[in-house]
Amino acid sequence: MSYIDVLREAEDQVTPGASACQGCGGELILRTVLQIAGKNTILGVPPGCMAGAGSVGWNFNSGVRIPVTIPLLDNCASLFTGISQMYQRKGREDVNAVIVAGDGATADCGFQSLSGAAERNEKILYVCYDNEGYMNTGYQRSSTTTKGSRTSTTPLGSVINGKVQHQKYVPLILSMHGLEYCATASPSDMKDFVEKVQKGLAASKKGFAYLHVFSPCPTGWGYASDQCIAVARKAVKSNMFPLWEKDENGYKINKVIKDPMPIREFVQGISKFKKLTDEQIDSIQQMVDTRYAELERLAGKE
Amino acid sequence: MAERAYITPIADEDLYVLDTASWRVYRPVMDKSKCVECGMCMTYCPVRAIIGTDDKKYKITYDYCKGCGICAAECPRKAIEMVLEGGAE
Amino acid sequence: MGVIKVLTGNYSASEGAALCRPDLIAAYPITPQSSVVEYLAGKVHNGVLDSNLVQVESEHSAMSVVEGAAYAGGRVFTATSAQGLALMYEPYFRMATLRLPMVMAIATREMTSPETIWSGQQDAMSVRDAGWIQMFCDDNQEITDMVIQAYKIAEDEGVLIPVNVCYDGFYSSHLTTGVDLPLQEEVDAFLPPVHFNHATLDPDHPISLDPMTPGNLLMKYRRSHLEAMKRVPEVVDRIDKEFGDKFGRYYGGMISEYRIEDAEIVIITVGGMTGAGMDAVDAARENGIKAGLVKLRFTRPFPAARVAKALEGKKAFAVIDRSVCFGWSCGPMYMETKASLADAADQYCHFSAIGGLGGADISTDMIYSTIQKLEDNKETKTELETQWYITE
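Residue numbers (this note's numbering), protein chains in the order written: chain V, 4 to 305; chain B, -8 to 80; chain H, 1343 to 1734.
Simulated from the structure, these hints should not be mistaken for lab results.
Where a beta carbon is used, it is the ideal one built from N, C-alpha and C, also for glycine.
A couple of the hints might just be wrong.
[Unchecked claim] Computed footprint of chain B on chain V, listed as stretches where at least three residues anywhere in the stretch have a Cβ under 8 Å from a Cβ of chain B:
id, region
1, 8 to 19
2, 59 to 69
3, 229 to 242
[What the hints assert, rightly or not] FRET-style restraints, in silico, Cβ to Cβ:
id, chain 1, residue 1, chain 2, residue 2, range
4, B, V20, H, N1539, 46 to 56 Å
5, H, E1527, V, K208, 46 to 56 Å
6, V, E96, B, D5, 25 to 35 Å
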């Protein structure tokens, strides 16, 4: 079945009216993952945009059509370790244990429990929608925020211009945990994304599967709501967000960009990058090039 | 669903549904003569407001469409136009 | 009848837990608790115990993993101390407020700072308002028996509140005594399989667990939790009797009493200091002082009615705490004992005694000095300064 047919046929598991912003990358990721995971799934959505958008529900109403809970910001992977292990114990290996968490719950305060569960190779599919900050609380910096970004806690001041540090590259760190499957994906490359969710779900029957998905945020980053996919596409084309995976055969770059777009072009039109200095742009470019070279080396390219 | 003892109500028949269509300023309108049924609009719609129809075509539904404009921006044939709500089509 | 084994307090907790056939155990080390989960790991790895064992990377995850297993309807166990308990506070509070029954042993320990790893009860006392039932043991037999009883209390459908079985780090956790271990089939007959489904995540019956909840509904949950806490004493009494009838050991329910029938002076103890307290009472009796002792077996819910009744007609009391209550310049159990007497406290001479912090000993002599002080002032009906068991 082609990925388009998969998305055509699969039932949407999320409430049709969710309060995610217009053009939200996270909403697209959440719906897509759950369409593929289907009814036989237990879902965890920690505090963050997707919980804030109502996926866990309100009062006497649920936000999704499947069992769901809101883990603590920092315990998604350990809470779901318990759920997953109990289902294995009951002989219900068919049940998917899926987490859809933002970068704060993943890369920052949830990192310890994530690392623990990945190292233990718990049977969970963990999807991080990385919008590079704490968007639900008003766009504060996280460890995955790109250098130079304007955020609420890294404002553009007269002394310090945006975020000082480069982003932490979580997917590569996770890939070193001896887990079952690890991949990056982008909503701009839907075929690749859908296949990776399918592969991740299958891998989660054997062990820990981690998907790191680029999640553009029109409200926090500052671009028109219809540009979500275009921004994601540019991130892939500039190697700002390279698409790769690691499975039992090792690392593989899924989309090799012949002539990568310069970072200077990627940051155009995104207002969190509006005041980047030439020095900051060069620094991001250098980080991107170094990171990509490292990925190429891991994927076995000379 | 009624309150339960201890804690935790809720089942899937009682979804929490917001009227997100009321947010819409621009409405996506599809020009069927230009549409080649590639499905890109459906795959990229964050709300899943664009659905496949039985005859392998695609249809925009307006009950929850927030009017983000992604479908119009991504349509390779420029078959979708964003039209001001309440204005003349 | 059971099998007599020589066990440390920690192993007594492990044996009690194993007899309850937990579905899942989270293991993470911290002094002085570590050997509880080590012992259970040994049982699992040797095929003696059929539990899922998860060697987590922190106490925060220890509580989270068992919480997740409870979301899938499992019976779970873990153990901790001090900093570990502090680290797990987030999921700890949630376990109780989701009304998920479980048992966690706490080998109690002093809280840092200053840096310390030794005994004290500040850890458990600091979280006494996090919604759990808390009880303290003072010997190894009681630890095994109470872990078993605690599951039955926690899982009672009128309760559904998790239980901490606390005992003093090192003094109880590391000292060995003979323990009469019930047989597996006896425990199976006493403790039915776990069943609760108010908070179960199951694709066949999808629910949202913990949606955003408005204040008025949240208050109903809190009220229901408090009402369940009020039912605990009668459930504890019923289970104490049931356990006693089956295994021959009765503990007295929420409190236990020693030589108080004709006593004028009462000392109130928590946990492992009770043995020294009983010796001090005996010594005082030999010297003609009419002393008696009340052991607080449960601290949450606080056995206010039982304490007030035990003190009725007495002249003086002191509560010995192995922790402090910073806001009241006394020990926390003293504060709560006084609260349970309300205005009637004026009818007594009373004071708070604090000792045994950071692993320091509470000796019979120290407790005797408390009894002597009460005896000397028993007609005064006044509150005296807090007594500190500090040796200069």
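Status of the hints after comparison with the structure:
1. Counting residues of the region 8 to 19 of chain V whose CB lies closer than 8 Å to any CB of chain B gives 7, which reaches the minimum of 3, so the coverage claim holds.
2. Residues of the region 59 to 69 of chain V lying with their CB closer than 8 Å to a CB of chain B number 10, which satisfies the three-residue condition for coverage.
3. Coverage of the region 229 to 242 of chain V by chain B holds in this model, with 5 residues showing a Cβ closer than 8 Å to a Cβ of that chain against a need of three.
4. V20 of chain B and N1539 of chain H have their C-beta atoms about 49 Å apart, which keeps the hinted 46 to 56 Å range intact.
5. For the pair E1527 of chain H and K208 of chain V, the beta carbons lie near 37 Å from each other, so the given range of 46 to 56 Å is not met.
6. A hinted range of 25 to 35 Å for the beta carbons of E96 of chain V and D5 of chain B is consistent with their spacing of about 30 Å.
When each numbered hint is compared with the structure, a violation occurs for hint 5 only.
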